[in-house]
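K.L.:
Here are the chains, one letter per residue:
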Amino acid sequence: MIDASLRWVDDRLGVAKGGRTFLDKIFPDHWSFMLGEIALYSFVVLLGTGVFLSLYYVPSAHEIVYHGSYLPLRGQKVSEAYASSVGLSFDVKSGLLMRQAHHWAADIFLGSIAVHMARVFFTGAFRKPRELNWIVGVTMLILGIVNGFLGYSLPDDLVSGTGIRIAFSIVESIPLVGSYLGFFLFGGNYPGSGIILERFFLLHILIVPALIVGLLGAHLGLLVKQKHTQFPGKGKTEHNVVGSPMFPTFMAKTNGFLFMTVGVIFLLGGFAQINPIWQFGQYEPYQISYAVQPDWYMGWLDGALRIMPSWEWVGWGHTIPLEVFLPAVIFPGIIFNIFIVWPFLEAKRTKDRAYHNLLDRPRDRPKRTGAGAMMLMLLFMVFCASSTDVLANFFHIKLNYVLWFFRIAVIVIPIITYFITYQICQEMRHAEGVGKRKRPNVVFRSDDGEYSTVATEPRPGDGHEELDAIPVPTYIDLTPPELATGAGVRRVMR
Amino acid sequence: MSAEPTKAPSVTPVALSEPHLQPLAKHPERVQILAGLAMFVGTLGFLGFGIVYWVSDQTQWEAATFGFGMLLLGAGVIAWGKYLMAQGPFVEERHDFHSTEAERAAMTVAITERGGLEIQRRKVLGGLFVLGSTVMGIVLLFPLIRSLGPKPGNVLFETNWRKGSQLVALDGRVITVDDLDVGGVLTVFPQGFVGSSPDQTILIRLAQLPAGAAFPLQSPGRPEWTTAGYVAYSKMCTHLGCPVGLYQEQTQQLVCPCHQSIFNVKAGAVPEFGPAPRPLPQLPIYADANGNLRASDGYNQAVGPGFWERP
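The listed protein sequences correspond, in order, to chains H and A.
Take 1 as the starting number for the first sequence in my numbering and just add one per residue.
Take 1001 as the starting number for the second sequence in my numbering and just add one per residue.
No lab work stands behind these hints, which were simulated from the structure alone.
The reader is advised that the hints may include incorrect statements.
[Said to hold, decoys possible] Result set (DSS-like, lysine-lysine): computed pairs, CA atoms no more than 25 Å apart in a straight line:
#	chain 1	residue 1	chain 2	residue 2
1	H	K128	H	K234
2	A	K1163	H	K234
3	H	K348	H	K25
4	A	K1163	H	K25
5	H	K234	H	K25
6	H	K128	H	K398
7	H	K17	H	K351
8	A	K1082	A	K1026
9	H	K128	H	K351
10	H	K236	H	K225
11	H	K227	A	K1082
12	A	K1082	H	K398
13	H	K227	H	K128
14	H	K351	H	K367
15	H	K17	H	K234
16	A	K1163	A	K1082
17	H	K234	A	K1082
18	A	K1082	H	K236
[What the hints assert, rightly or not] Quick partial rundown of chain H residues pointing at chain A, CB under 10 Å, derived from the structure:
#	residue
19	V65
20	H67
21	S69
22	P72
23	S173
24	E238
25	F266
26	P285
27	K348
28	V454
29	T456
C-beta atoms are modelled at their ideal positions from N, C-alpha and C, and glycine is treated no differently.
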């Protein structure tokens, strides 16, 4: 059966040789290589639940009277977008589960991309020959953040509408062309001609996802072509890959991981309420809610806006709202550009032009690890700054003090982080046996009163000796050993 | 079909007892039972989801049945792959990606010489092609960008507030001098433009004064633009345009909930704290003969956040 169909396809496309190579492709085993898979699988959830939601969502600012099953809203004038978002939560079967799973999947998608990116950075996996794939990945991160914001804006609830208002003002802040861009994008002065939801919807469900799918194909294609990196270890060199074959071992593990990722997202979608838009109410440009935060991946931009001093530049009959333009346009621009050029900067600085297939341990590259920790700390500090009001309330501190703390902390703490990280790396590099399982030491006292310390033998199981790696066998002799008599050996293709 | 019989590659088969093909688990039978149990219960979970969907459509039960179904089925398959399949490790050689120097040279030559030759022979055609493509690209941008919306023109400088505009509340009710107590706040619009974003104005009563009496606002506030203890400011934050919706009566400050800019109401809404760069524009108001509040003029500057064309 398999044989006949393979013959049919191979006659026409010639897939056997390449296909076999693909099935034999080796995937190194390490937990940190699963982080990118979480991103991939939450993207699968996003596509699936997104198709479901798009069947019911109406991208229209047209005002109607709400008649759905959520009693507090009955008889109120709301937009079709808001009514359909509440409707798909309460009046479509499984709708709430799908909507919340979609939202959680988006948060997990961007979270896993961030952690995956940190893994790639700290282990030096971005080095030659993988600089291109690093850039593809950074681009997907940017597109993911953009699409997250677009999707967050669609329900037209009070919280997300405020986000759109802020987005308009940020576009407006761009010197020279800002107000033109804003008017073109929104079809007029804010809130525009009512077309923005339709445009966001089109971008959110078609254009940006299509770009992400294309880049995802490139990301995985490059991974297959360039093969995985691996940590140094027994039998692992710059010229080989050691691990499990694509089929069936990796396939089983990764499929199971897909299922488990989906499972976690749906459990969150059912049990952890997220974005209860029916509590926020319909967006009106003159209404506002208190203690409003965007989704976590927008927090760093919000925080940067909050702690920026009010430096508006006015002169020669023009205004440059630097208090908006610097934190919301220039700052993320600089951050993403640092990400993109880092592989080339590092190669230039270290004069390292060699191929790298073996990964670094972070401690062995104290400067890079320090720089990465510094960047993470900077982003974390501006992220925390997006809750200045909540922190001030919670700790009963004056808002002024919280604000000034963050204005200083975003600069000072990342620099301190660099030096601490650098120092920790240096010390770990020079300490023996760091990261290995601890073994007890036995202290002996001789008759003369002399003390000596002897490390105990490894416990059984500690010194698990891995076999030497062999190529994936082409044929396996499937005859059970006790029946193998020499004649009539069955040969089956793996 | 090829006439020649396909020759199977002559590779010695690896014996089933080869250590690399053995499972990682010390007791494969036990792992098999556990994995099988997980997969079976997971399948029951899916069945449960199907039943819950038809019977009650209860969100938490749907999530529990489906989510645990996925978790357990996934865990079973992972256990199968990790502990029961050939433990390996297996190895694969890497090959250099780069081509030989000769191949590189051939590629370069194909571009620079084979292609370059044709361009050198027909420089005019080459130039025309580049010119045509560029013009095409530029004119295609026109509909792509220009059709999207109108030019800003003067719109950002204008509101619907005019000399004599009545102040009305959200429900369209006309506001009179008696409507607010001291400390009271109300969002108002010019009559006929209720709900309009740039027109939103916050009306605050600071003192119980007779109609026509000016409240002593500090600079840059304009006392002559107040009446009967009422003062009116644009409700659009000068930072990012959020509604400045929080009024602290005790300190007489307006607070923007978005990024915590704080404006001093008694001093012309000058920003005292946070990222807002400018005071909220003040709307000149007066009380007419009937005691209705009216604007004595529009705003004297653009409301809301800053932009390039703002002087």
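K.L.:
Could you work out which earlier hints the structure fails to respect and list their numbers in ascending sequence?
P.N.:
Result: hints 2, 3, 4, 6, 7, 12, 15, 16, 19, 20, 21, 22, 27, 28, 29 break, sorted rising.
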